[in-house]
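Listed below, chain by chain, are the residues.
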Amino acid sequence: MNHELLALLVHDLKNQLGVLEAELSLLEAKPDRLKAHRAHQHCAQLRQRLVAYLTLYGSPEGQLVAHASDESPRDFLASLLSVASRPDGAPLRLGSCETAPPFWYFDPRLTRLALEAALHNAWRFARSEVLLDAALRDGFLVFTVHDDGPGLGAADPSAQSSTGLGLELCAAVARAHRMPNREGRVLLHRREPGGTDFEIWLP
Amino acid sequence: MRIETPYSKIEALVVDDMATQQTTLRGQLAMLGIGKIDAAGSADDALRHIRSKHYSLILCDYNLNHKTDGQQLFEFLREQQLLPADCLFFMVTAESNYNSVAAASEHLPDAYLLKPITAGDIEERLKAQLEKRQALLAINQQLGKHDLAAAASACDAVLARKDRWYMHALQLKGQIELDLGRVDEARNIYLSALELRAGLMWAQIGLARAHKAAGKFDQAKQLAQDIIESREGHKVLAAYDVLAQSLEAQGDSAGALEVLKDSANVVPSARRQRLVAEGAYRNGDLALAKASYAKAWKSSAGSITAQPQDQLALAQTQLDLGEAKEALATLDTPPTGKPNRSNEFDTVMLALRAQAHMLTGDTERAAQEVAQALAATRHSKADFATIAVAKAALMTGQVEAGLKLLLQAVSADHENTRIQQLVTKALLDVGQGEQIEQVVGAATKGLKTRLHEAKLLFRNGQLKEALEAIETELKDYPENTTVLFEAAQINCMSLRLGKQLNPVKVDEVRGYLARLDKLLPMNDRVAQMRRYFRDTQAALQAKAGAPATGQTSGQKTGA
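Chains S and R, in that order, give the protein sequences.
Each residue of the first sequence is one higher than the last, beginning at 1 in this note's numbering.
Each residue of the second sequence is one higher than the last, beginning at 1001 in this note's numbering.
Derived by calculation from the structure, the hints in this document are not laboratory data.
There could be a bad hint or two in this list.
What the hints assert, rightly or not - Heads up, simulated DSS-like pairs for lysine-lysine below, C-alpha to C-alpha not over 27 Å straight-line:
1) K1036/R / K1132/R
2) K1115/R / K35/S
3) K1298/R / K1067/R
4) K1053/R / K1518/R
5) K1115/R / K14/S
6) K1145/R / K1127/R
Claimed, not checked - One-sided and incomplete, this derived list gives chain S residues near chain R with beta-carbon spacing under 10 Å:
7) A44
8) Q45
9) V51
10) L54
11) G58
12) A68
13) D70
14) A84
15) W104
16) M179
Note that the structure is a prediction, hence the values are computed from the model and not measured.
The beta-carbon is built from N, C-alpha and C at its ideal position, and this holds for glycine as well.
Work out the full structure: start from the sequences and follow the hints.
Structure (C-alpha cells):
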C-alpha cells in the first residue's frame, strides 16, 4: 500500500474515531441503551477496518497464510448475518445455498474478513437488498455478495472514505487459498437490470 | 433471574494471567448465559482447578507470562489425560503467534480464537463445536467404551448421511481401522479422503502411518518426506515421527536420530529435546545427549512440563563422559517448583552419586551409596533406573549384584532392543564388555527357550500346561512385551480350539492387550494382535450364532 492510501486510511479512521468519541461522551453524560448499541457498532466497524489492514500489511511473512479447516459454507454464511459491524437497517439476506457443498476447506477467519469487507462495500451501494449465497462451480466454492445498487462504474456515495483496502484484502485472501494447479480469485459482475455481484472463488 | 440459554449448564474455566483480561473473558462468557465461571491466573492454578472439577469449556490465553504457556498446558492436559472427553478447549492467541502456534503443535485445541475476541466470536465457535460433538456423539461414546468395532459402525452411519460431518467421520474411521490393525481398510479411507481433497494433511499423515503399519517403510518414508518438504508441512511433527519410526524399523538408528534432531529444531519443546537426547544416548552420541538433556531440563524447570528424569539422565550422561564434578553439580541442583520426586528418584540419585564419587576417588562414600541404592531397589525393570543402579554396583566392585540387575533388566523385556542397547553400553562403560554375551545373550536365550517350550506344549495338545507355563513367565516379567504377545496369542488359539467364548479367558486377553497398549502406545504389532483377538471372537460368535456385542471387542490404543 502506498503512503497516499495509508494517509487516506488513517484520516478515515481518525474521523470515525472522532464520531465514536463524541458518541461515548454523550453516553457518559446520559446513558442510553440504543445509543450505546450504535457506539458499539461503530467500534466494531473501526476494528474491522484495522484488522483488515493488519491482516494485509502486518504479517511478518509478507504473505497471507490460509489455515484451511473443514467448514459448512451455509453455516458459515449464516454466522455472517449477525456480524457486529453491520449498520442499523442495513439489508442482509441469506440465499438458498442450493448447490453449495455440505463441507469445504477454507480459512474461516480470513474468508470472514474478506466477506465482511465485501458486505460493507455492498451496503454503500445497495438500495434495498444485499444477498449472501454459496454455490459449487467448476470445482470451486463460490461465495457471492449481491447488491441491488446502481452497478459497476457508478459513483461511490461515500467515495471519500473508500481506500480500496476492502477489495485488495479480498483478492489477497482468495490468493492465499491455493491447491495444486488452482488458486482462489475474486470477480465482480454487473447484474441486469441493476446491481453488482461480488464473488470469491475458493479451490 | 438467570436467563436459560443453550449454554446455561456449561461450567467454564478462564485461564489468563492478566486480571483485566480475566474479567473481560468472564464477562463475555456470562453474556452467553454461562453461569458458572472460574478463573485461574497460571498453568499451575489451572491444573489445580481442572483436577478438582469437571469443566466443559476451558478458555485459555496462549501467553501466560510464566514458565508454562497455554499450548504447553493444553498438551500436558492431553498427554496426562486430564481433560474429560466432553471438555472443549479454546486457545486465545494474538495474531502474531497464531501462524507459528497452529502449524507446529503436538495436539490441536478445539479452536483458536484470535485477539481481540468478542462474545460473538466465542458463541460462534461454541455453537459449532457443540453441533460437532452432537453429530459425532455415537462414535465417541463407543470409543469411550473402547469398543472399536462399534465405533467403526457408528462412523459408517455418519458417512452414509454424506453431510457436513462426512470428513470428520472419515478421519475418525481411518484412525479406528489403524488401531484395529486393518491396515488395508485404513489406507483406502485415507486415499478416498485425498481424492476428495488433494493434500489434506491428516489424510497424508494417516496414509504414511498405514504404509508403516503394513511394513512398507520405504513408501512411508517417501510420503513423510514429501509432507515435510511441502509448503504447509515443514512443521508437521507427526510426519517427522513417521519418518523416524520407519528408519528405526529398518535398523537405521542414526538416520532416525537425525530426523528427531530436525523435529526438535522445528519445535524446540522439552518433549522433542528428550526424544533427541534419548536417541543420542543410545547411539553413543554423548555430546548431543548431554546438550539435549540440558535443554529439556533447563527449559522446563519450574514448568508443569518438567520431568525429574531429565536431571538424572543429564547426570548419567555427564558421568559417562567422565565429568564427575559437573554431574555432582547437576545432582545437587535443587528442583524448582514443586518437588514431585519418588522413592525411585532418590534411589537413582544415590546410584549416580556413587558413580560420581568413584570417579573422584571417594570410594568409601561410593560404597555406602551403592549399598543404600541396592537395598532400595526392589523391582528391577527394563528401565533407566535399574541400569543406573547396576552401573553403580559394577563400578564399585559389586559385580555380582550389578550383573544380576542387568540380567533382570534384559529379561523384563527381552526383545526390547533399546534396553539391550543400554545394557550393552553400560557393560562397555564399566569395562565388562566380555559379559555382554552372558547377560544380554543368556537372558534373551533363556526366555526364548522357555517361550518355545510353552508353544511346543501347546502344539502337542497340552493346552493347560502351555497356558500355565506362559502365565508363570508373566508373573516373573509382567511388563515383558514379547511374553504378553505370546500370552495373548496362545490364549486366542486355545479359545479357537475350545470353540467357545470363555469369558474369563476373553477378559485375560483384553487385560494383556491393555498392558501392551500402555507399554507400546500406537504400536502396529499391538494393533495386529488386537485384530487377531477380534477375528477370534467374531469366528466364535458366528459359530454360536450370537450377535457381536460391544462387550467383546478390543481395546483402543492411545491416539
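Going through the hints against the structure:
1. Restraint check: the Cα-Cα separation between K1036/R and K1132/R comes to about 23 Å, which is no more than 27 Å; the hinted pair holds.
2. Only pairs whose Cα atoms come within 27 Å are accepted, and K1115/R paired with K35/S is accepted, the gap being roughly 26 Å.
3. Taking the CA atoms of K1298/R and K1067/R, the gap is about 11 Å. The hint holds against a cut of 27 Å.
4. Between K1053/R and K1518/R the alpha-carbon distance is near 26 Å, which keeps this suggested pair within the 27 Å criterion.
5. At roughly 22 Å between alpha-carbon atoms, K1115/R and K14/S fall within 27 Å of each other, so this suggested pair holds.
6. With a CA separation close to 26 Å, the supplied pair K1145/R and K1127/R stays within the 27 Å bound.
7. With 10 Å as the threshold, the beta carbon of A44/S comes within range of chain R, its nearest partner Cβ sitting at about 8 Å, so the hint holds.
8. Evaluation of the Q45/S hint against chain R yields a violated restraint, the C-beta minimum of about 13 Å exceeding 10 Å.
9. The beta carbon of V51/S is positioned within 10 Å of a beta carbon in chain R (closest approach about 8 Å), and the interface hint is therefore held.
10. Using the Cβ-Cβ criterion of 10 Å, the hint placing L54/S at the interface with chain R is satisfied: the shortest such distance is roughly 7 Å.
11. A cut of 10 Å between beta carbons decides the hint on G58/S: the least distance to chain R is about 8 Å, and the hint holds.
12. About 9 Å separates the beta-carbon of A68/S from the nearest beta-carbon of chain R, less than 10 Å, and the hint is met.
13. For D70/S, the suggested interface contact is upheld, since its CB lies about 5 Å from the closest CB of chain R, less than 10 Å.
14. At its closest, the beta carbon of A84/S sits 6 Å from a beta carbon of chain R; the interface hint therefore holds under the 10 Å criterion.
15. Because the beta carbon of W104/S sits about 9 Å from the nearest beta carbon in chain R, less than 10 Å, this interface hint is met.
16. Given hint, M179/S at the interface with chain R, holds; its Cβ is 6 Å from that chain's nearest Cβ, closer than 10 Å.
This entry does not satisfy hint 8, going by the numbered hints stated previously; all others are met.
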